[in-house]
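Engineer: Residue strings, one per chain:
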Amino acid sequence: MQAVKYVRAASVDEASRLLQEGGEGARVLAGGTDVIVQARERTREIDLFVDIKQIAETMSIAYDAADGLSIGAAAPCHEIYGNETVRELYPSLVDSTSLIGGTAIQGRASLGGNLCNSSPAADGIPTLIVLEATVEIAGPNGRRSVAVEDFCTAPGRNVLESGEFVVSLKFPTPAAGSGARFLRFIPRNEMDIAVTNAATQVRIENGSVSWARVSIGAVAPIPLLVADAAAALVGQPLSDETIAAAAAASRAAASPIDDMRGSIRQRRHLAGVLTERTIRQAAERAAA
Amino acid sequence: MTTQTSHIVVNTTINGEPTVFLANERDSLLEALRDRIGLTGAKEGCNNGNCGACCVNLDGRIVNSCLVMAAEVEGSEVRTVEGLADGDQLSPLQNAFLEEAALQCGICTPGFLVAAEALLEQNPDPSEHEIRYWLAGNLCRCTGYDKIIRAVQLAAGQGQD
Numbered sequence: 037m038q039a040v041k042y043v044r045a046a047s048v049d050e051a052s053r054l055l056q057e058g059g060e061g062a063r064v065l066a067g068g069t070d071v072i073v074q075a076r077e078r079t080r081e082i083d084l085f086v087d088i089k090q091i092a093e094t095m096s097i098a099y100d101a102a103d104g105l106s107i108g109a110a111a112p113c114h115e116i117y118g119n120e121t122v123r124e125l126y127p128s129l130v131d132s133t134s135l136i137g138g139t140a141i142q143g144r145a146s147l148g149g150n151l152c153n154s155s156p157a158a159d160g161i162p163t164l165i166v167l168e169a170t171v172e173i174a175g176p177n178g179r180r181s182v183a184v185e186d187f188c189t190a191p192g193r194n195v196l197e198s199g200e201f202v203v204s205l206k207f208p209t210p211a212a213g214s215g216a217r218f219l220r221f222i223p224r225n226e227m228d229i230a231v232t233n234a235a236t237q238v239r240i241e242n243g244s245v246s247w248a249r250v251s252i253g254a255v256a257p258i259p260l261l262v263a264d265a266a267a268a269l270v271g272q273p274l275s276d277e278t279i280a281a282a283a284a285a286s287r288a289a290a291s292p293i294d295d296m297r298g299s300i301r302q303r304r305h306l307a308g309v310l311t312e313r314t315i316r317q318a319a320e321r322a323a324a
Numbered sequence: 612m613t614t615q616t617s618h619i620v621v622n623t624t625i626n627g628e629p630t631v632f633l634a635n636e637r638d639s640l641l642e643a644l645r646d647r648i649g650l651t652g653a654k655e656g657c658n659n660g661n662c663g664a665c666c667v668n669l670d671g672r673i674v675n676s677c678l679v680m681a682a683e684v685e686g687s688e689v690r691t692v693e694g695l696a697d698g699d700q701l702s703p704l705q706n707a708f709l710e711e712a713a714l715q716c717g718i719c720t721p722g723f724l725v726a727a728e729a730l731l732e733q734n735p736d737p738s739e740h741e742i743r744y745w746l747a748g749n750l751c752r753c754t755g756y757d758k759i760i761r762a763v764q765l766a767a768g769q770g771q772d
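Protein chains in written order, with this note's numbering: chain A, 37 to 324; chain B, 612 to 772.
Some clues are possibly wrong.
Where chain A lies over chain B, by a calculated footprint (3+ residues, C-beta under 8 Å) [to be verified]:
(1) 662–675
(2) 740–747
Dumping the calculated SDA-like pairs for lysine to any residue here, alpha-carbon to alpha-carbon at most 20 Å [as the list claims (entries may be wrong)]:
(3) Lys41(A) <-> Phe632(B)
(4) Lys206(A) <-> Leu261(A)
(5) Lys41(A) <-> Leu714(B)
Bear in mind the hints are in silico, worked out from the structure with no lab data behind them. Beta carbons are placed, not taken as given, at the ideal position from N, Cα and C, and that holds for glycine.
With the hints as constraints, model all of the structure from the sequences given.
Structural biologist: Right, dumping it as structure tokens:
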């Protein structure tokens, strides 16, 4: 392990100050499932961990019908998929948080951490994108909000400036007649990094798709919001033709790489397959 | 790297005993347990969160102790494999592992025991699928897993506390 110092921040302001003073070598410690490995294996130069888990706002999960859902950036996956409101109103968050790592990882890993690690293959992010999550950021100049699809900028990089960190994620209340689903393809049943993943949210009114969002991951430098896939669905009843058009839009939007997990051809194919499946299963949830 | 880390005092409860230990700021919980406290049950396998050999129970949830900083457990309750037996009396789950020959080399066993114990605490009658899914983060290169699954089923059937 690098010579990492450890500080518990008691407040948002203190965390922000510690991160700014610490500069490039200071990192937020939430679940630690990525950042401790990065410090140990020296894939990042880290000399200060700022533990934010004593700040109540970073750990809370709260819902009300007017404001929607708020999930603290450091709330662990098991708290999210174990939350009754999340299970009832945001089942697509259960899809993603229950397949990130194994049980022991889910005991610590957070959606805020998954987002800030900014992996192209992050399993948390496509769901956040289709649920229209807003990233609540605190920093030396106060608070700001960023739409989640604008947060990641490159593999391992995002819009956070010096001294800034993610406090929570906010989700609008699901509209009547809406449903969302996340799926991941890996060559085994669990405990692997996505070859490709995808999420869809649709709203169906009077038999027709009135609103949709589709997101695909592990097929580009950042998780993608595929506007053309949504456009292929909106304004028409869901049909094999509109779903095929949406899948084609996802294949076209994908710009994957070859690596040990999958080829360009396989990933582009999977982007289409997972788009189709998430649309169909999101529609089933919308009808339920 | 010019950062100087220092030793810190950590107040915690380990296997029910209030425990104060001295650790380096850079120590993981696994390093503190093994090298500072002398609890060598939790094993270092991969040291990056993939194998589960270092699994311990932290405030009621299983975690990989290689992915927890020792300083983080201030005020927390830690349970390790050493806490399963009551003196010389093995727990029902430990006996079931012996009964079903659910180990060979034994390196993964402490992690499996701690993880399975946590499963049975929250779900006393898990299905085979639930057991396999829960234990997916614990790797074993000897048994092929079937014997481990049968041991957990045996312990569950005996009304594991």
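Engineer: Compare the structure with each hint and give your call.
Structural biologist: Here is what the structure says about each hint:
1. 662–675: holds (count 7)
2. 740–747: holds (count 4)
3. Lys41(A) <-> Phe632(B): This hinted pair holds, its Cα atoms lying about 17 Å apart.
4. Lys206(A) <-> Leu261(A): Roughly 18 Å between the alpha carbons, so the hint for Lys206(A) and Leu261(A) holds.
5. Lys41(A) <-> Leu714(B): Violated, because 38 Å separates the two Cα atoms, which is more than 20 Å.
When held up to the earlier numbered hints, the structure conflicts with hint 5 and nothing else.
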